[in-house]
Every structure is written in C-alpha cells, then in structure tokens.
Amino acid sequence: MFLKNTWYVACTPDEIAEKPLGRQICGERMVFYRGQDGKVSALEDFCPHRGAPLSLGFIDKGELVCGYHGLRMNPDGTCAGMTGQRVRAFPSIRSYPAVERYGFIWVWPGDAELADPARIHHLEWAESPDWAYGGGLYHIHCDYRLMIDNLMDLTHETYVHASSIGQAEIEESAPSTKTIGDEVVTSRHMENIKAPPFWAAALRGNGLADDVPCDRWQICRFTPPSHVLIEVGVAHAGKGGYHAPAESKASSIVVDFITPETETSIWYFWGMARNFKPNDEQLTATIREGQGKIFGEDLDMLEAQQRNLTENPGRKILKLNIDSGGVQSRVVLDRLLAAEAAERASRVAASAEAATAQAAAAG
Amino acid sequence: MFLKNTWYVACTPDEIAEKPLGRQICGERMVFYRGQDGKVSALEDFCPHRGAPLSLGFIDKGELVCGYHGLRMNPDGTCAGMTGQRVRAFPSIRSYPAVERYGFIWVWPGDAELADPARIHHLEWAESPDWAYGGGLYHIHCDYRLMIDNLMDLTHETYVHASSIGQAEIEESAPSTKTIGDEVVTSRHMENIKAPPFWAAALRGNGLADDVPCDRWQICRFTPPSHVLIEVGVAHAGKGGYHAPAESKASSIVVDFITPETETSIWYFWGMARNFKPNDEQLTATIREGQGKIFGEDLDMLEAQQRNLTENPGRKILKLNIDSGGVQSRVVLDRLLAAEAAERASRVAASAEAATAQAAAAG
Amino acid sequence: MFLKNTWYVACTPDEIAEKPLGRQICGERMVFYRGQDGKVSALEDFCPHRGAPLSLGFIDKGELVCGYHGLRMNPDGTCAGMTGQRVRAFPSIRSYPAVERYGFIWVWPGDAELADPARIHHLEWAESPDWAYGGGLYHIHCDYRLMIDNLMDLTHETYVHASSIGQAEIEESAPSTKTIGDEVVTSRHMENIKAPPFWAAALRGNGLADDVPCDRWQICRFTPPSHVLIEVGVAHAGKGGYHAPAESKASSIVVDFITPETETSIWYFWGMARNFKPNDEQLTATIREGQGKIFGEDLDMLEAQQRNLTENPGRKILKLNIDSGGVQSRVVLDRLLAAEAAERASRVAASAEAATAQAAAAG
Numbered sequence: 001m002f003l004k005n006t007w008y009v010a011c012t013p014d015e016i017a018e019k020p021l022g023r024q025i026c027g028e029r030m031v032f033y034r035g036q037d038g039k040v041s042a043l044e045d046f047c048p049h050r051g052a053p054l055s056l057g058f059i060d061k062g063e064l065v066c067g068y069h070g071l072r073m074n075p076d077g078t079c080a081g082m083t084g085q086r087v088r089a090f091p092s093i094r095s096y097p098a099v100e101r102y103g104f105i106w107v108w109p110g111d112a113e114l115a116d117p118a119r120i121h122h123l124e125w126a127e128s129p130d131w132a133y134g135g136g137l138y139h140i141h142c143d144y145r146l147m148i149d150n151l152m153d154l155t156h157e158t159y160v161h162a163s164s165i166g167q168a169e170i171e172e173s174a175p176s177t178k179t180i181g182d183e184v185v186t187s188r189h190m191e192n193i194k195a196p197p198f199w200a201a202a203l204r205g206n207g208l209a210d211d212v213p214c215d216r217w218q219i220c221r222f223t224p225p226s227h228v229l230i231e232v233g234v235a236h237a238g239k240g241g242y243h244a245p246a247e248s249k250a251s252s253i254v255v256d257f258i259t260p261e262t263e264t265s266i267w268y269f270w271g272m273a274r275n276f277k278p279n280d281e282q283l284t285a286t287i288r289e290g291q292g293k294i295f296g297e298d299l300d301m302l303e304a305q306q307r308n309l310t311e312n313p314g315r316k317i318l319k320l321n322i323d324s325g326g327v328q329s330r331v332v333l334d335r336l337l338a339a340e341a342a343e344r345a346s347r348v349a350a351s352a353e354a355a356t357a358q359a360a361a362a363g
Numbered sequence: 001m002f003l004k005n006t007w008y009v010a011c012t013p014d015e016i017a018e019k020p021l022g023r024q025i026c027g028e029r030m031v032f033y034r035g036q037d038g039k040v041s042a043l044e045d046f047c048p049h050r051g052a053p054l055s056l057g058f059i060d061k062g063e064l065v066c067g068y069h070g071l072r073m074n075p076d077g078t079c080a081g082m083t084g085q086r087v088r089a090f091p092s093i094r095s096y097p098a099v100e101r102y103g104f105i106w107v108w109p110g111d112a113e114l115a116d117p118a119r120i121h122h123l124e125w126a127e128s129p130d131w132a133y134g135g136g137l138y139h140i141h142c143d144y145r146l147m148i149d150n151l152m153d154l155t156h157e158t159y160v161h162a163s164s165i166g167q168a169e170i171e172e173s174a175p176s177t178k179t180i181g182d183e184v185v186t187s188r189h190m191e192n193i194k195a196p197p198f199w200a201a202a203l204r205g206n207g208l209a210d211d212v213p214c215d216r217w218q219i220c221r222f223t224p225p226s227h228v229l230i231e232v233g234v235a236h237a238g239k240g241g242y243h244a245p246a247e248s249k250a251s252s253i254v255v256d257f258i259t260p261e262t263e264t265s266i267w268y269f270w271g272m273a274r275n276f277k278p279n280d281e282q283l284t285a286t287i288r289e290g291q292g293k294i295f296g297e298d299l300d301m302l303e304a305q306q307r308n309l310t311e312n313p314g315r316k317i318l319k320l321n322i323d324s325g326g327v328q329s330r331v332v333l334d335r336l337l338a339a340e341a342a343e344r345a346s347r348v349a350a351s352a353e354a355a356t357a358q359a360a361a362a363g
Numbered sequence: 001m002f003l004k005n006t007w008y009v010a011c012t013p014d015e016i017a018e019k020p021l022g023r024q025i026c027g028e029r030m031v032f033y034r035g036q037d038g039k040v041s042a043l044e045d046f047c048p049h050r051g052a053p054l055s056l057g058f059i060d061k062g063e064l065v066c067g068y069h070g071l072r073m074n075p076d077g078t079c080a081g082m083t084g085q086r087v088r089a090f091p092s093i094r095s096y097p098a099v100e101r102y103g104f105i106w107v108w109p110g111d112a113e114l115a116d117p118a119r120i121h122h123l124e125w126a127e128s129p130d131w132a133y134g135g136g137l138y139h140i141h142c143d144y145r146l147m148i149d150n151l152m153d154l155t156h157e158t159y160v161h162a163s164s165i166g167q168a169e170i171e172e173s174a175p176s177t178k179t180i181g182d183e184v185v186t187s188r189h190m191e192n193i194k195a196p197p198f199w200a201a202a203l204r205g206n207g208l209a210d211d212v213p214c215d216r217w218q219i220c221r222f223t224p225p226s227h228v229l230i231e232v233g234v235a236h237a238g239k240g241g242y243h244a245p246a247e248s249k250a251s252s253i254v255v256d257f258i259t260p261e262t263e264t265s266i267w268y269f270w271g272m273a274r275n276f277k278p279n280d281e282q283l284t285a286t287i288r289e290g291q292g293k294i295f296g297e298d299l300d301m302l303e304a305q306q307r308n309l310t311e312n313p314g315r316k317i318l319k320l321n322i323d324s325g326g327v328q329s330r331v332v333l334d335r336l337l338a339a340e341a342a343e344r345a346s347r348v349a350a351s352a353e354a355a356t357a358q359a360a361a362a363g
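Chains as they are written, first to last, in full-length UniProt numbering: chain A, 1 to 363; chain B, 1 to 363; chain C, 1 to 363.
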C-alpha cells in the first residue's frame, strides 16, 4: 500500500547521464531518460513493438530508441518513428509526469492529470549557496514503512550505530512527538553530553573544540509520501543548543527519500545537507563516506525484520512512546491512502455517470 | 506449448564424452549417455531404486550405473542388474528415442512408437567435405518462440549487433516472407552496400577485397519444431548477389537449433556452416569466437523481453511486416500443435474403445 | 512431518561462543545464546518490540539484548528491561527447553512441559576419557529421512565413497535388519577382505599392519528422532572380528545427528568417536578432515534426489532388502508421529473440557 498521487524521488541525474535507466517504482517498471533539450521523461519500460524493455535502448537525437528493433518513442508515450514503418496507428505506452528539481528526478506514479510540480516538497538547502549536499542510494528489501519507523525513532542509533553516532543518552532522553497537518515531528534534546565520534569529527571539521560538553538535538520531520528530513547537530553546552549561534555548533540536515519499489523493497536515497564550509568538497566526500557506512549498518537489520514480519503476518508488535514518530506517520499515511482510494472511486463513479448520461442523450 | 512428437537437438557428442549428461528437454528431465557399441541412449533421469538422478552415475561395460547404490540400466529403460538383487521385477523407466547424426544427438520427447529417424531435418552441409562447421550452446531464460521471432526478423541486427553485422540498410530493405508447407522463408536483399565488419573479415578470409561495394542477402528458413537455418552472405556488387559465383562472394549458413527446456527457457545451439576454406581450422575457431560474441548480445534482451511479457500477460504486441517471419512460424507451430493434440485425443479414444471391446468380449 | 516432543542437536558450543546464533529447527526460527552463569537458552528469534531477529543482538551482563532498539530478554521469554520503558506489560516470546550435554546444545521444539533432559540419548563415548571425538556440520537441502535412509544403507559407500571407504564386498554382503522397540539396527559383516584406504590408514594410526586380510563390520543404529550411530571397524582376520581384542582392531563410532530445518532441509551434525589414541589431537584432526571430505560427497546426491522426488510426488520408489534399515526407521517414526498427534489431540480435548467445566461452575 503506497500513495500513488504524489511525487517520489526516482533517481539522480548521474544515473541517466550515459543511457536510459530502468527502475521499478510503486510496482511500475519505468524508464527514465534525458531527451530533447535535456528534459527528463519517464515512460513505461515496455516497447509497444515486441515488449522489450526500452531501458536497454539508447538516446538518439533526443529520442528514446528501443535497443531491439529501433522503435523511437516520444516523451508522451506515443511512437515517434521506426525505419520502414508508419507508426501513426501504433499503440501508445504510459507516460509518467517527471520533473528535475533540487538535484533529483521526481516522478508521479499516479493519475497524470493530478500531477502538480508545485507539490514537490520544497528543499531550501538545495537552492541556497550556503549549503552543500552529498548522498547516495541503497536498495533494501523491506516495506518502505519499516524505513520510516527506523528514521522516526533514533534510539536505534545506540545499538545499530554504536561506534559512530550512537550513545546511551539518546535512549535516556524521551522524545516528544506531534502531528501538524500531514507532518509528523519527533524531537529529542540531550544536554551536557560528550559528542560521539561522528559529531566530534564534525565539530573539528567546523573548527570547534570536540572535547568539551555539548548539547545535542535530533528533530525528525516526516512528510508524505515517505520523506524524512532530520535536523541534527551539537553545540558547545550552554550556548543555546539548537538555537546556538553558528560559530558554536555543527549542524546539518539528514535527508531521506524513501521510494517504494514493490510492497517489500525500496530505493533509499540518503544524504546530508550542511550549512558550514559549503564549498569544501573534500569535507562533503568525507561526510558522505562516513554517512554511507553508518546508514549501511541498517540494511541487514531491516531486511531481517521484514523477513520475520512476513513469516509472522498475524503477529502484533509493540508501539512504545519511542515509536510514536513511526506510528503517527502511519496514521497520516493511512488517512491519505483512504482519501486517495475515495477520490479514485468517485472519479470512477463520475465517469460512469457521464457515460450513462451520454448514452441516454444519444438514445 | 511445444511439439513433442518431433526431433530436437539434445546435446553434442563432447557433452557425453566423459560421463552421462543430465538435461531437461520439453519439461522432461533426461539423461544422455554413450553405452554399448558407442550407441547413444536417452532415459528418464530418475533411478527406479531411490529416485536419484542417473546423470550423477557413470558408464561401466556399456551400462549406465546409478552413482548412489549401483543399479544398472539398459538403454530401453529396464534394469540390467544390481549386486545382490534380482532385478526382473524392478519397474522400468522411460526411454526416449535418440539418434546421433550430423554431429548432434537428437531426441524425440513424445510417443516413442511414432519416432522415425528419417524425419530428422536433413543437413547437407553436415555431410559434405566441402563444408566446415563451428558452433556453441547458450542457455537462455525465454520462451523458444521469442528466439524464433528473433532469428526470423534480422532487423534487430542493426540495433543489437551494431558493431559487427548490423547496418542501416537492413531495416531499410523490406523483407519478403512466405510459407511453403511447414517451412517459412523470409528473405532480404541489399545492394551496393558497404560490408559490415564481420563480413569484411569474411571477405578477407576468403581472399577477396573488403572495401568495394557489395550485395548482401539473408534468407531465413524456419522449419518445425524450432530450427532456423539462415543463408547469409555478401558478393562483390554486380556479380549476381546470392547467385554470384563462389570466387566473388563469402557466404555461409547460420545454424540455429532451439530446444525448449521449460516453457520459459531454452537450450540454444548456434553455429555457422561455410563452404569456403573448409579445412582451415583456425578460421573455424575465429568465426566461432566472433559469432559466439555476437549471439551472446541477444541473451540479455531476450530474457528482459520474457520478463516484461510474463509480467504483462494480457498485453498485445505489434505484428509489423518485419515480424512476418515469426508470425508465420507461429501459425505453422499452432497448426502442428493442434494436430498433435488431436492425434493424442484420437489415440486415447481408440485405446478406450479397444478396452471396452475387450471387456465386452470377456464379459 | 517431524517429531517435536523430542530432543534434537541444535548447535555446538563454538557456534555461540562469540554471539547469539539464529537457527531454524523443525520450521521454527530460534536464537541460541549463553547467558547468566554460562547457561544456554533458546528463544523465538523475534523481538517482541518490532519483530527484529534477536540473533542480530548481543549478550550484555548475561542478558540477550536486541540489536535494533535494545530490548533485553530473560531466558524464559519475558522481557528483562529496556531503557526508558517499563516492560512488565510487554508480551513474552516462546522459550524452548535447551540443555548442554555431551559437547552439544540440545533443544526440544515441542511442548515445553513434556521436556525431560533424562530423555536425551545417552552417549557413553562423550563422557569417557578413553574416547576422542571430532566432527562437523553440513547444511543440506533434503528431507531428514533421506539422510536416515542414506546412513541405514551403507551399500552407497561402494559408489559414493569409492576411493575411501567403499569396496565391492559391502554390497556383496547382505545386511541383517531388526527393530527393537524404537531402535532399528542394521548390521553387515565382511570377512577376509582388504581394508579400504580409510581403514588402512586407521590401522596404521593404531600401530597395526594394514596389508593383511581383515574382517570388517558396520552396525547402524537408528534411534528417534533422527540419530544414527554406527559402529564401524576392521580387525585382523581370524581375531574375532567385531569381538576382537583392542590390540587387533581399529574401530570407532560414526556419529550422525540429523536436525530438520524445514520439511526439505537439514542441519547434519556428523563426527567420529574412537577409543584408540584418544589424546592424539593430530589424529583427531586428520580423521575429521578425512571424514568431512567423505561425508561431503553425499551432499550433491541427496539434494539431487530430493529435487527428483519433489518433482515426482506420486512416484513409488523401491524398497529392497538393503533398504530395510531406512524402511524400518520410517515405521518407527510413523508410529511415534501418530502417537504425538494423538497426544496433542487428547490434550486439546482435555483443556476444552476443563474450560467447559469451569464455565459451568461459574455460570
């Protein structure tokens, strides 16, 4: 169960730089490519000629060309041409709304006529020269909601990431969670603690002492369909914590875009945006490498958890206060999923009514 | 859906030189071995003692011996012996008609009493000293008919094999297709073209200039159950094309025997027979290596196409004029499949009738 | 179909030395660990918090701690604690009776209240200083009964283990099989034979001539649920065979504990116990290496046999006199499986009756 009338991150520009990219999203096999004028398009990954995946093809003069027999496609899913054939009567394939923004390609897997680029989640840090971003992509065999749970309850850092960002004070500090409209925010503040290795390095990277008591914060924000953006940081103790001035803290935004592939697998786009030393590319690379290693530690756990839940479908699991972030996120998702189903039903009914009226008028 | 009362290529002699070979053909697991007097036999790959695969056994004194407990088999599927046991009452296993001819082992997976070796496709080139042959085997996860389609529409060469045998003139020349009895022939002739790399090399290999305008031809012949033999070649332009004298052309026969393993996998025996420099073994090896590389380019495409078609079972695909070869081949196959089903039904009915008559006579 | 109210070997102490071990036994995923006071426990491998496998966790102060969010478990399946949470109301998970004895961890996958450690198969050799033991573990994709068949009919040695322990005299000597209560014994005695390579080495290892005629014996003992202990040995001919004095023979016990993982896969604990040179650790290592190689030869055959039987479910296989050991073992198993099913049914009925009586008394 995933929302379809919404924008998901589909891929990054480097993935379509050389050739088309085949990727399954929300159960649909799609091909992404950069065509005429550099515009990105998304089509069904199914050539109307013989069913070959278009993603095995190539781009020629801005057109996607099937790699089997050379049928050429337009970005709207109609056939553009084929040597020796008139393609006007060829069946079309589905085209998905796709937008390139903030350094990502976004796709709308639902009803195309509802797709509004203005609804793409605004990312301040992606447009400002004061910020730098680095990230990566993991393919994980788990329900996308297990990854939302993971990110909305950072007590797991103490166990899964013990050597980098985990520390006992995380689980000793109760989180506070609230839902505001479609957004869920779960916050945790720790005071007078020792910065764990990752953050000690970040303080040094920012030219600050790393061996003094610090305040630390984690503010996780879930927004539909499955984005989790987390404000994280440490400040020298007594300087105001989260509100401390820039010269007393190291802070950043953990970026998580979770795109369902199937009911039990995801494309997980992870990264970190920071507003200190934004032009230090070496620092960006170092942080990305460290974050990639840390975030990779979750993979085995999530896949093993998924296997256990799949094998025990009727089994209840606990919802503790630390799980509130994930629980409230699911409440938002369930509400939106119900709304999407209702909307779809009413559209079907309306079109049936229109057809009946038309038939009556004609009869 | 595959024909069963017909001859398929099962394996090549080198595959059974050292030990028995287990291979699934048309859904049936078989063991092939060379027994008494060097004669090749095919049996069910199932030891009547404890169900172990006989293909894990060995040959002793011309008998196939199970590698688990030593039951010895006769080529007709009866048990030949077992130390310390009287095997007369042992159940038999199925024996499949098998014939070694033309450098291949042929098997008949259907009703044994209908098997007639005279119906094995005659291969002129396999018996003549004027011809040389080299080939190989690929295991591919696709319906055998997708491979027939592939070989009966060579426009794919322009895309899949762009760097070796592909060229724009192929798709620019409309093919002509006709069905003659059970055979389907699709032909394409190109005139005054530049020989593509593979053929330029063949011209040089035959001592001919490779930089002059050429005529090129491709005559694909499908015969049941799934053989595709393709006459291909180039001649210096104006020398008569396909009918040019031997000293002005380089030509050969592309050999394709497609043996279904399951509904969605095949054993693909490919090769090339040529009637120039037949004793040049180095040339045979060079051609085989080149052809193996080229034909290997189809594998990913066919398997990806199969996956797309499996996931979209109801979906129609196009049948263009270039697809006529495959389409007409399927018409032949469907006709023969229906005939085989009818024949089977009438045999069942006849045997039921005989049983009733016998019962009445006895009653 | 496997017995559940019985003791199986689950693992060896080295497998839980560093961290918890996740292992599926009789279809149930379990975690084994050494906790407080070094006592071994077995729990469901399912954290009651979020369903993560506990086997990905660690041991802290004798408690099993989930590696995801730190829930701590007691050996009885109740929750021991979690930072910031009161765990009294947390649901428990299943605890399995587990006992460490004879160098193995034994587990009882059935009704815990029926588990009696006294019913663990007594292993004389595991407690006596006159004996040494070495062994290993294989994971094999076959029904556990196929492995019982394998071990209760050693004629396969002639074929599968031809270069080490096989010899023609095995299959030439008819075995004798009998059932005594729940035990099945199949014996084979060979006289005046040449010791095969493995036994020639054992004679030399025991300081005896290896090039003189020998008597050889194999006495296979099946006991439920799936233990096969085999007395094997050779003696210089004419010294009394199986009853020969220690200085004229080399003998040992082949140890086979077969633990079902699923209906078609097993954990196979194999080894050899010997009562000569028990303190020669180099000899133990040499024998283990040799036995491991020999026993590894069965794997492919058993998995291929399983595949053949799975594909041909209705097919009958033969039960010859050499198969009596396996056949009689299955008779014992079937009787015990029926008894276990009847016992379970009567317990269900009794508890339903008690509930009715209670309701009537309350009503």
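Simulated from the structure, these hints should not be mistaken for lab results. Model, not experiment: these values are computed from the prediction. Any given hint could be a false lead.
Which copy is meant is left open, so a pair is good if it fits within one copy or across any two.
[Stated by the list, open to error] With a Cα cut of at most 30 Å, we get these calculated BS3-like pairs of lysine-lysine: (1) LYS19 / LYS194; (2) LYS19 / LYS239; (3) LYS39 / LYS178; (4) LYS293 / LYS19; (5) LYS194 / LYS61; (6) LYS239 / LYS39; (7) LYS319 / LYS178; (8) LYS316 / LYS277; (9) LYS293 / LYS61; (10) LYS39 / LYS293; (11) LYS277 / LYS19; (12) LYS178 / LYS277; (13) LYS4 / LYS277; (14) LYS316 / LYS194; (15) LYS239 / LYS194; (16) LYS178 / LYS19; (17) LYS239 / LYS4; (18) LYS316 / LYS4; (19) LYS239 / LYS61; (20) LYS239 / LYS316; (21) LYS178 / LYS61; (22) LYS194 / LYS4; (23) LYS277 / LYS61; (24) LYS319 / LYS277; (25) LYS293 / LYS194.
For LYS194 and LYS4, with the copy left unspecified, which applies at a CA distance of at most 30 Å: within, between, both, or neither?
Answer is neither; intra-copy 44 Å and inter-copy 51 Å both fail.
What label fits LYS239 with LYS194 when the C-alpha limit is 30 Å: within, between, both, or neither?
Within. Shortest intra-copy distance 15 Å satisfies the 30 Å Cα cut-off; inter-copy 78 Å does not.
Indicate which option fits the pair LYS293, LYS61 if close means a Cα-Cα distance not exceeding 30 Å: within, between, both or neither.
between (40 Å within a copy, 28 Å between copies)
What label fits LYS319 with LYS178 when the C-alpha limit is 30 Å: within, between, both, or neither?
within (15 Å within a copy, 58 Å between copies)
Up to 30 Å between alpha-carbons, please classify LYS277 paired with LYS61: within, between, both or neither.
neither (41 Å within a copy, 44 Å between copies)
Same-copy or cross-copy closeness of LYS239 to LYS316 [CA-CA at most 30 Å]
neither (44 Å within a copy, 68 Å between copies)
For LYS319 and LYS277, with the copy left unspecified, which applies at a CA distance of at most 30 Å: within, between, both, or neither?
Cα proximity of LYS319 and LYS277: none, with 40 Å in one copy and 60 Å across.
From the Cα coordinates, with 30 Å as the cut-off, is the pair LYS316 and LYS277 best called within, between, both, or neither?
neither (47 Å within a copy, 56 Å between copies)
Pop the pair LYS4 and LYS277 into one bin, within, between, both or neither, using alpha-carbon distances up to 30 Å.
neither (38 Å within a copy, 63 Å between copies)
Can you give me the call for LYS178 and LYS277, within, between, both or neither, at a CA distance of at most 30 Å?
For LYS178 and LYS277, neither the intra-copy (33 Å) nor the inter-copy (72 Å) Cα distance is at most 30 Å.
Treating 30 Å as the Cα threshold, decide for LYS19 and LYS239: within, between, both or neither.
neither (50 Å within a copy, 42 Å between copies)
How would you classify LYS239 and LYS61 at a CA-CA limit of 30 Å: within, between, both, or neither?
neither (58 Å within a copy, 38 Å between copies)
Violation of the numbered hints given earlier is confined to hints 2, 3, 6, 8, 10, 11, 12, 13, 14, 16, 17, 19, 20, 21, 22, 23 and 24; the remaining hints are satisfied by the structure.
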